[in-house]
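Undergrad: As a plain string of letters, each chain reads:
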Amino acid sequence: MTPLFEFHQQQTRRQFFGKVGLRAGNIALASMLGRDLMASSVHTSLPELPHFAPKAKRLIYLHMNGAPSQLDLWDHKPELARFFDKDLPESVRNGQRITTMTSGQARLPVAPSMFRFAPHGQCGRWVSELLPHTAKIVDELAVIKSVHTSAINHDPACTFVMTGSEVPGKASIGSWLAYGLGSESNDLPAFVVFTPSFPAASQAQALFTRMWSSGFLPTKYTGVALRGQGDPVLYVKNPAGVDPSNRRAMLDALNKLNTISHAQIGDPEIQTRIAQYEMAFRMQTSVPELTDLSKESKATLEMYGPDAQRSGSFTHSAIMARRLIERGTRVVQILHRGWDQHNNLPKLLRGQVEDTERACAALIMDLKQRGLLQDTLVVWGGEFGRTVYSQGTLAKDNYGRDHHPRCFTMWMAGGGVKGGVEHGETDDFSYNITKDPVHISDLNATILHLMGIDHRKFTFKFQGLDQRLTGVEEHHPVQALLA
Amino acid sequence: MIMTPRAFFFAFVVTATASAAGKLDFNRDIRPILSDNCFACHGFDSKKRKADLRLDTPEGAFKAIKGVFPIKPGDPEASSVLQRILTHDKDELMPPPETNKKITTNQVEILSRWIREGAEYKKHWSFETPVKTVPPKVNGPLRNMIDAFIQARLAEEKISPAPEASREMLIRRATLDLTGLPPSPEEIDAFLADTSEHAYDRLIDRLLKSERYGEHMGRYWLDVARYADTHGLHLDNERSMWPYRDWVVRAFNQNIPFDQFTIWQLAGDLLPEATMDQKIASGFNRCNVTTSEGGSINEEFIFRYAVDRTETTVAVWMGLTAGCAVCHDHKFDPITQKEFYSLYAFFNSTADPAMDGNILLTPPTLRLSTPEQARQLVDYDKNLSITQAKLREAIAKLNYTDPATVRPLPPVQTSETIWFEDAFPTGANVSVAGDPTQFVEKEEGPVFSGVKALKRTANGVAQDFFSAGGNYSIPPNGKISVQCYLDPKNPPKAVMLQFHSAGWNHRAVWGEEGAIPYGTVRTPERVRVGVLPEAGKWVKLEVAADKLGLKPGIKITGFAFTQFGGTVYWDRLAMSSRVEPSKDPQWSWQVWVEKNQGRRVEGLPNDLQTLVRGKKSNEWPEADVKRLKEWWFENECQSARELVEGVRSEKLALEAKKKALENLIPATFIMADLPKPRDSFIMERGQYDKPKEKVSHGTPAVFPALPKQDKYSRLDLAKWLVSPQHPLTARVQVNRLWQQFFGTGLVKSSNDFGSQGEPPSHPELLDWLAITFRENGWNIKEMVKMIVTSHTYRQSAQFSARSVHLDPENRLLARGPRFRLDAESVRDTALFVSGLLNPKIGGKGVKPYQPENIWEPVGFGGSNTRNYIQDHGESLYRRSLYTFWKRTAPPPNMTAFDAPNRESYCLRRERSNTPLQALTLMNDVQFFEAARAFAQQAMKSATTPDARITRLFRAATSRFPSASEAEVVRQTFEKHLAAYTAKPEEAKKVIANGESKADSALNPVELAAWTMIANLLLNLDEAVTK
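From first to last, the protein sequence lines are chains A and B.
In the working numbering, each residue carries its 1-based index in the first sequence increased by 49.
In the working numbering, each residue carries its 1-based index in the second sequence increased by 949.
Don't read these hints as lab results, they were simulated from the structure.
Treat the hints with care, since some could be wrong.
[Said to hold, decoys possible] Derived pair list, reagent style BS3-like, types lysine-lysine, alpha-carbon separation capped at 25 Å:
| no. | chain 1 | residue 1 | chain 2 | residue 2 |
| --- | --- | --- | --- | --- |
| 1 | B | K1021 | A | K510 |
| 2 | B | K999 | B | K1641 |
| 3 | B | K1657 | B | K1643 |
| 4 | A | K104 | A | K467 |
| 5 | B | K1442 | A | K396 |
| 6 | B | K1932 | A | K286 |
| 7 | B | K1486 | A | K396 |
| 8 | A | K396 | B | K1021 |
| 9 | B | K1639 | B | K1608 |
| 10 | A | K286 | B | K1937 |
| 11 | B | K1924 | A | K305 |
| 12 | A | K506 | B | K996 |
| 13 | B | K1600 | B | K1575 |
| 14 | A | K286 | B | K1946 |
| 15 | B | K997 | B | K1050 |
| 16 | B | K1564 | A | K135 |
| 17 | B | K1050 | A | K506 |
| 18 | B | K1643 | A | K506 |
| 19 | B | K999 | B | K1086 |
| 20 | B | K1496 | B | K1050 |
| 21 | B | K1600 | A | K135 |
| 22 | B | K1346 | B | K1391 |
| 23 | B | K1946 | A | K506 |
| 24 | B | K1575 | A | K445 |
| 25 | B | K1544 | B | K1496 |
| 26 | A | K510 | B | K1544 |
| 27 | B | K1107 | B | K997 |
[Said to hold, decoys possible] Using C-beta positions, here's what the derived DEER-type ranges look like:
| no. | chain 1 | residue 1 | chain 2 | residue 2 | range |
| --- | --- | --- | --- | --- | --- |
| 28 | A | N393 | B | Q1362 | 29 to 39 Å |
| 29 | B | E1633 | A | P138 | 53 to 63 Å |
| 30 | A | N393 | B | P1312 | 44 to 54 Å |
| 31 | B | R1548 | A | Q278 | 53 to 63 Å |
[Unchecked claim] Partial selection, computed: residues in chain A whose CB lies under 7 Å from chain B:
| no. | residue |
| --- | --- |
| 32 | M150 |
| 33 | D204 |
| 34 | G218 |
| 35 | A249 |
| 36 | F257 |
| 37 | T258 |
| 38 | F265 |
| 39 | P267 |
| 40 | Q278 |
Beta carbons are placed, not taken as given, at the ideal position from N, Cα and C, and that holds for glycine.
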């Protein structure tokens, strides 16, 4: 925080307290430190935000890293069976670029999905047999079959889906929201990231810290990783031999000494530092409380499945996501790896789905039961789609799929999203979009819209430009998805 | 929230100056309004220009359109621009409501006044040649000309400069600013004792001579250069770039003039008879991120790298954001898209490949060999080319018929040899790592075949092996199989087979990849074949010999059964072979082609690898097919074995020796151009596959022209940047130095000197410094000295109520600089005061403490920077600029304090203040161990609690504690002492944090209490602030 920013915050504290009020847990501390210090420890929102009443107050973004196959999960193409092992018609490919992983292949044989699809829910959505739990909640989901992106490889595509640009250096969507909307938690970060474990058999693509980095925004808006192994939040644990009372004694002295410095030097930054140490101390208590699942009901844990208590699993992360948003965290992102099935897709995709699918559905139901789904937005998707033609070996029950940026499926649920709808259509080969294309930046504009933000007005000046999550091209929230 | 105060400050500067100076100034007062609100549609970008109206030039603004004057000098009422701003008609209103832009009443008034005063246009201030004005006369405490400019401006606001800071503060500030480390109590004492008039100058001279100076200055430049130790994209594998980092440190210590510093980095490779240092320096533009992601399209990345280099160069030396012009004419600054691509042309012919190959040394690189090593390498190369010629001759003699074309097809041949059954080979030299070798018979445990099986139980890595006395040969198409039985009650994490030919370099792993941490992953040195076999039954594990780099004919002189933990039984290792020449890629060329087209073939030269992977075989050029076939005969074709084998093993031996030598010699990426330059084109909308008009090398027209010549190179561009006529380079660099010392540049947007950036707070000073810098031979140390010896720098940092409200950012400098240290300095300071710091300069990046699971959860399975293997001993305590920098997961105790991830250039770090920083400083083992060492030092150097408190307090803050401060510390010490006296076991834990050992002569309880005090003092605001 710059001194300037701090100065301004002190100027506006009255306004702040008027708006949010002090949370109960902080009253003791507030009286100890004086109200001035409290103001700077809270994640405040920008004064101009939200632009309009938000439908969703929080975001949980489930990123399936590596690109899940839309053809085997959502985009049902019964006609394809006739094309087994036939070449993809040139009229469909239409000279589009393909990656150098298959551009050298002698032919591009069509691989129909080996999985059965059936209609589910009141909406009658066709869902693959791989998603038995998700099939039960389809009436909550808006399934978008026509998402497309401009990147064809993982690194740029992941950077794009998360920051709106293929080139590193921009701010991630979570950082944008934390910056714009702040958070309601006084003792937990505004933006939290999980990188859970994934099936050992899967070849996992890399993640990059830039996917949750603040980029050009102030660094405090970078996502804080909540980790499955080691300290859940980095350095949150006291060193061996130091207990909370030792730490408190040290902090009491630190506050006194820093207060003396402040009296002498007058630098407001010192006050901020005192407040940040207090927040750090609160995190040392709130993080263990957060990660303690002992008060979760048996029914809840059973709904999520056997991995619920396995720290570091996707399922565990999903429960933690709910616990975080309950405590006021603005954005939770779970980045699950291993969805890059260039070969051996049927077996490996099954493993991926088994690792995540039940928890995704449980999360939606859990949120709904608690009345949180109505103002919590949940997004599921990868960075691009997969090709209809097989990469490598092709058999009825074994094939691989290369990267396909021209169409893929994502879903959204919760706050402000129309449940039970399907949006967009693709051709018979799930190769080209035939109706209602949704660019990644349209999707991001939709997310912002649901959270009460006009994506065109939400800018940050950097490198001489008004930077936007949705870039300089024209994009729009997808109206058809809005409830 | 952030915008408001900035606007507030601006209003203050602009209005104050405008009224004081009388006449409005276009650049200061008008351009920001027009640029923010109008230029996007009525500016430089001809494609986006609306209504054919252009307001960024007087020609455009004064020209009547249909009889209406957009701006009529002297006549606001007749100027349609103003009317359109003021109108209530939504269709007429400018800027249009949908742009969300609005011109304030105050701004309208300024515009109106400017038109009335004659509407005088000027070139954007930073594009005008700097002018050296005579420093104004002032009556303040003047130490050099900097103070004249600063105090003249303060006088306008009726603010007096602050008095000089205390001497303790002065030595702390200067030492931290020039070396990145605080002064020691002894250095402070010496300075306080030196009462002469020149004491401070002498201090500065001493600090400028310290080698710490180069490390500290270099550290800032490494942000600029986007230096790191990994490639940055996708696998994010390690790269060897550190000799460049060490050169940067050296360059600052040697005080290489900034013009040379510039030329070497942009074009050191092109200098006549370039020295080794000049070539190393040219690595500047090899520091960009690169990829080797499978599926990537070469042209796309060649394009991206050139764009990155162009943008970086323009930003670093000219302070301009050229990025916009990649896609279209710059909206605000006069850089057309064509001009951008003319700059890009300088960088578009570099010789580095599109795919970095995920290797340590992506060419072009430079080996920093001694003359003797260089001679040896030349010898090896000479001999290698002789053997290569012999090979070619042998291949030419070959009479090859493709078995796939023969009728009837040649017969199938099969074989199987048992390598291990009941015992290691007779005469073999059997050894273990772990308990002695144990065989079990059927009564004692599972046996697959024969009478015995090998059994081993282990904690961690253990193995049974033999290393001499056996001798097996790899057959063609060899397949290795082994029987393996895992104890279901005690399964291992991983099992591994390992083979010895020239070395133990062939490993096949089942189970957790990182468990047995030997060999480079995803190479034959460590192949992960699959998951652990099912426990409780015999499972046949199989792997093709070829996958482990075991080519037919290679002699095996040892093998090992390895495991990580658990209980494992092994039985019957066999080598089988089945050859069907007409379908085998090692016999049939045709089959090889069919099988490999579209795949990445290991061992092929880079260009052929790319060809085979990316193009269908019928598209392969004839010359390449010839080379491919030669490679195939040499390395793959079995019917050529006899003919080539002798020469080939000679060649392999030579290559191995050469590689061994090369591994001893450090190397670094350098810049070089292709022999035949690439053509450059304007890329439509910045898309790599949309080349339009062809462009040649050139610089934007708004700047002084390049000298006329036929051809241009990067060297010409570098020289142009540092030519005396260039308006930006010197300004940008002195501004960055200013920012380093004062926290904010004279131009706050130090990364944007264009019209969207902020104008300088002290334009005359900026120009005066820029010209002085250039006139003094671009002497960096001299410029630094001028800054730190000014009164402005030496002022007290005490905040006054008036200045806080009037100038919260301290842009007018009515007080001295005070702000938090950068990440590296925070860590280095803790190491320094505690006596742990290892002062070694330079070398390969080190891996100090890092919490578990920073790299692993994000790293690609095959990346060689997936697993963080922490160093031990002195490497834990090196200065932070030597910490290994992985771009996709940089060190968390650095990023917590705003260190950038080095994916792109960073000209200005943020300075945040967060709870995560508090947690890091309190709990990170690096800092907590430092606290213990710090406490230990105080206990040994002073005996009474008060003396120890003083010692610790001074080392941390460079000043004596006041009585009340000392009292707070003393009471806290007593509290801790009481707490740890009650729990001596906890005290022992406190002092055992970290890998260095606590001094056993000290009482653990007391040391623990002092450790908490040291931890307290290292967390003081003052301890992390200059």
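Undergrad: Hint by hint, note whether the structure agrees.
TA: Comparing the hints with the structure gives:
1. K1021(B) <-> K510(A): Judged against 25 Å, a Cα distance of about 32 Å means the pair is violated.
2. K999(B) <-> K1641(B): holds (24 Å)
3. K1657(B) <-> K1643(B): Given pair K1657(B), K1643(B) holds - Cα atoms ~20 Å apart, limit 25 Å.
4. K104(A) <-> K467(A): holds (11 Å)
5. K1442(B) <-> K396(A): holds (23 Å)
6. K1932(B) <-> K286(A): The given pair, whose Cα atoms are some 19 Å apart, holds under the 25 Å limit.
7. K1486(B) <-> K396(A): holds (23 Å)
8. K396(A) <-> K1021(B): violated (74 Å)
9. K1639(B) <-> K1608(B): Roughly 42 Å between the alpha carbons, so the hint for K1639(B) and K1608(B) is violated.
10. K286(A) <-> K1937(B): OK: K286(A) and K1937(B) at ~18 Å, within 25 Å.
11. K1924(B) <-> K305(A): holds (15 Å)
12. K506(A) <-> K996(B): holds (23 Å)
13. K1600(B) <-> K1575(B): holds (20 Å)
14. K286(A) <-> K1946(B): holds (22 Å)
15. K997(B) <-> K1050(B): Roughly 17 Å between the alpha carbons, so the hint for K997(B) and K1050(B) holds.
16. K1564(B) <-> K135(A): holds (21 Å)
17. K1050(B) <-> K506(A): holds (10 Å)
18. K1643(B) <-> K506(A): At roughly 37 Å apart (the allowed maximum being 25 Å), K506(A) and K1643(B) break the hint.
19. K999(B) <-> K1086(B): Violated - the C-alpha atoms of K1086(B) and K999(B) are around 49 Å apart, more than 25 Å.
20. K1496(B) <-> K1050(B): Answer violated: K1496(B) to K1050(B) is near 63 Å, above 25 Å.
21. K1600(B) <-> K135(A): violated (46 Å)
22. K1346(B) <-> K1391(B): With a Cα-Cα distance of about 57 Å, the restraint between K1346(B) and K1391(B) is violated, given a limit of 25 Å.
23. K1946(B) <-> K506(A): violated (57 Å)
24. K1575(B) <-> K445(A): violated (38 Å)
25. K1544(B) <-> K1496(B): Given pair K1544(B), K1496(B) holds - Cα atoms ~15 Å apart, limit 25 Å.
26. K510(A) <-> K1544(B): Cα-Cα ~53 Å, so violated.
27. K1107(B) <-> K997(B): Given that 25 Å is the threshold and the Cα spacing comes to 46 Å, the pair is violated.
28. N393(A) <-> Q1362(B): 29 to 39 Å: holds (31 Å)
29. E1633(B) <-> P138(A): 53 to 63 Å: violated (29 Å)
30. N393(A) <-> P1312(B): 44 to 54 Å: violated (35 Å)
31. R1548(B) <-> Q278(A): 53 to 63 Å: violated (36 Å)
32. M150: Holds, about 4 Å.
33. D204: Holds: closest Cβ of chain B sits about 5 Å from D204(A), inside 7 Å.
34. G218: This interface hint holds because 5 Å falls under the 7 Å limit.
35. A249: This interface hint holds because 6 Å falls under the 7 Å limit.
36. F257: holds (4 Å)
37. T258: holds (6 Å)
38. F265: violated (9 Å)
39. P267: holds (6 Å)
40. Q278: holds (5 Å)
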